[in-house]
Each structure stands twice: as structure tokens, then as C-alpha cells.
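K.L.:
Read off the chains here:
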Amino acid sequence: MHEMSLIESVVALVEDERRKQDFSRVRLIRLAVGVLGHAEPSALRFCFDAVTRGTIAEGARLEIEQVPGRGWCGTCRQSVSLRERFAACPVCGDPVVRMTDGGELRLSELEVE
Amino acid sequence: MCTVCGCGTDVSTKAPGLGSRVAAHSHDRGREHSHPHSDHHHHDPVEGTIDFGSGIAGVDLPGVSQQRTIRIERDILSKNNAFADANRSRLRTTGTFALNFVSSPGSGKTSLLVRAVNDLKARWPVAVIEGDQQTSRDAERIRATGAPAVQINTGKGCHLDAHMVGHALDHLSLAPGGLLFIENVGNLVCPAAFDLGEAHKVVVLSVTEGEDKPLKYPDMFAASDLMLLNKVDLLPHLEFDVDACVAAALRVNPRIQVLKISSRSGEGLAAFYAWIAAHAVATIEPVALPA
Chain A
1 MHEMSLIESV VALVEDERRK QDFSRVRLIR LAVGVLGHAE PSALRFCFDA
51 VTRGTIAEGA RLEIEQVPGR GWCGTCRQSV SLRERFAACP VCGDPVVRMT
101 DGGELRLSEL EVE
Chain B
114 MCTVCGCGTD VSTKAPGLGS RVAAHSHDRG REHSHPHSDH HHHDPVEGTI
164 DFGSGIAGVD LPGVSQQRTI RIERDILSKN NAFADANRSR LRTTGTFALN
214 FVSSPGSGKT SLLVRAVNDL KARWPVAVIE GDQQTSRDAE RIRATGAPAV
264 QINTGKGCHL DAHMVGHALD HLSLAPGGLL FIENVGNLVC PAAFDLGEAH
314 KVVVLSVTEG EDKPLKYPDM FAASDLMLLN KVDLLPHLEF DVDACVAAAL
364 RVNPRIQVLK ISSRSGEGLA AFYAWIAAHA VATIEPVALP A
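These protein sequences, in sequence, are chains A and B. Here this note's numbering is used: position 45 in the first sequence is 45, and no number is missing along the way. Each number in this note's numbering comes from the position in the second sequence (counting from 1) with 113 added on.
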């Protein structure tokens, strides 16, 4: 359940931002999480309230944008959709597709006041 | 307050055997600073044990301002990665070659490390950082070999992170040009995401586990440069398809190297030590720095 420490890292990034900008409350935290990455959105949501309690992020709403998987197929020479991280190209069947999207794990936006 | 990790500066801890100390604590390049070594964790009464079981620090709330949206676009692991970079540059100054051993519980990591330390200690200075949720049993097993070992207890944590390893490095005096083995928490999922500042991740898989493990837990095998297939002395008693296992590992990571070993019989260990020697060359024989 490394999602707990991922949320702790999110809180640390929010605290960083608080040192740069003046705000007293975080209303919304928006994350971009790739579907082929190692973080599970339901586990992130599950621990969010417990981890943010007593921090600047307490009471914030968590929004997770799931980024679909895509990869570059060297044989087709085009971007193709990837349902699994190590799946073959859905067009030509080439087993080696370089993942380009879907591994994201990013704090994209905050709504603060 | 440390503006990178948020720890306080006003208390210092004296732990038996460790002493009170101020730790030079570096984060992003060029932002090194010092603070008393006190917060985030407790030094266990057991010598050389660091406990990260306690939670994150609270923060104070300032005045009110208008509601607005702030674009951040930062990688959630960027803080860990900054600590990892700091560990890496610190290890570079001593010419230390660091390996991060990852696996599920029971793959034989600690037995492998005990054997490797005994076999290699005449050739290189070896130090070990042990990660477990509880107890200092593994560090004690390592110390019995004569090698320095620091135990990190992660408490509820399921993996080591670079910040913990940075603190463990504060307690290890690394002899120049040596090896550092970091034994991660037994967990085939979470440690994959966390760079500790090591040169390579080494995944240990034992033949008493399923041969399809690389497909079921792909992140760990994708993140590793070497797979050690351990306990091969048991193969005659098992229905374990070695070729299928290697094929599965190569499917998730076409660059992974595989060595078949047994830390009990010693089979394959010479090849593993040769791998270490070959990969450590650049680290352990650093270019002479200008005076």
C-alpha cells in the first residue's frame, strides 16, 4: 500500500506551494494517474482523508484524472493504445511497444483560497 | 525548519550507541544544509535501528486569501527523487557501489546477503542497510559477519524511500571504494516506485514461488537490471519451469539479466560476484579529482 506515502508526498508538494503562495485552505487536489502505472486510484482515495488529517490539505476534495495507456510501435510507426503495460501492438502484433502515456503520477492542479 | 522535508531543528536525540549528532542533510543539488538529526523517526534502543513508524508532521495555517486555481504539474515522486539524487551524489564521493535488493518476503535475500558479505569482504569493504517493518534481526545477522549494518524499521511502511536511506547513510561510515547492499522491505509491489539512489535494483525470485511472478508483478521486474533466480538447488524437488520464468521476466523487461543462484549451495554465486565486479568498475575506481 505505497499509496499512503504517495499521498504524503502530495501533501509535501502542497506544503511547498504554500511556502511560495499565500493560501489557508486547499479545496481541491487534482492528480493525473496513468492506468498503466503502479498507483491504484481507489487506494489513493481510500487513504487520502487519513493521511491529510491535520495538514494543510485537510478537508480538500481529491480528484483523479486517469490517463489512458498509449505506446509507440516501431513497426507501425504510429502511436497505439495500450491496455497493458507490456502488451503487444494491437495493430500489427509487434511484441515491443514503447509506453509513452499511462505511467503518469502527477500533482496537476490545486484549488485554494 | 528544513524547507524540503519539513523536519524541525530544535531537538536533538541521543540514542544508545548512536550518539547525538547533527546530520548534514542534502536534498536537491545545490541546496544542502544541516539540521539536528531528530525528527521524522525515533532511534530505537536497539543499536543501529531507525524507526520510521511515526506519521508526517502537521503544519500551521496562515491567514485567509481568495479562492483560485494553481497549476502545479509536478511528479508526485519528485521529492523522493531529489533525496535519491542526493544519496547518489553522496555515494559517489566515497566511490560506493550501491545495490537495492527487492523481492517478496521469503525469497532468501538476507541469507544471500550474509553469504555474499562473507564471500566478498576480503575483496571490498561491504556495508548493509536493512529494511523491515519491525525488528533488527536482519541487521544482527549481517553484523555477525563483521560488516557494518544499519536497520531501518519502516513501521507501517511497505517500502524504503530515499529519505530513510539518507538518514541510514548518516550512521554508516563508508570505506572508500566499497559496496553498499540495501535490502528493501519484502514486498514485490511498492519498492519498485522508489529510487533510493542505488546504481541498480536487483530482484530476487526464488524457485519456490511461481514462474509467472514477473507477469503478475511487472513493475518490479521492469525496474530491475538483474534478476537472481534463487534456491535453484531445490529445482529437482519442484515443478518450476526455469525457461518460462526467464521468458516472463524478459517479456516485461527485455534488458533484464538473469542469473541462477543458490545461496545455500553456492551455485551461480561466482557469476553474481563477477556481475558486481563488472558493474562496479566505474564507481569503485573513480577518476582522480583535481586537487
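Just so you know, these hints were derived from the structure itself, not from any lab. Where hints are given, some of them may not hold.
What the hints assert, rightly or not - A short list of chain B residues far from chain A (calculated; beta carbon distances all over 10 Å):
1) C271
2) H272
3) E380
Claimed, not checked - Sample of chain B residues facing chain A (criterion: CB under 8 Å; computed from the structure):
4) Q180
5) S286
6) A288
To be verified - With a cut-off of at most 20 Å between alpha-carbon atoms, the simulated DMTMM-like pairs for lysine to aspartate or glutamate come out as follows:
7) A/K20 <-> A/E84
8) B/K329 <-> A/E8
9) B/K329 <-> A/E84
10) B/K269 <-> A/E84
Glycine included, C-beta positions come from ideal geometry on N, C-alpha and C.
K.L.:
Hint by hint, note whether the structure agrees.
P.N.:
Cross-check of the supplied hints:
no., hint, verdict
1, C271, "6 Å, violated"
2, H272, "6 Å, violated"
3, E380, "30 Å, holds"
4, Q180, "4 Å, holds"
5, S286, "29 Å, violated"
6, A288, "32 Å, violated"
7, A/K20 <-> A/E84, "39 Å, violated"
8, B/K329 <-> A/E8, "27 Å, violated"
9, B/K329 <-> A/E84, "12 Å, holds"
10, B/K269 <-> A/E84, "30 Å, violated"
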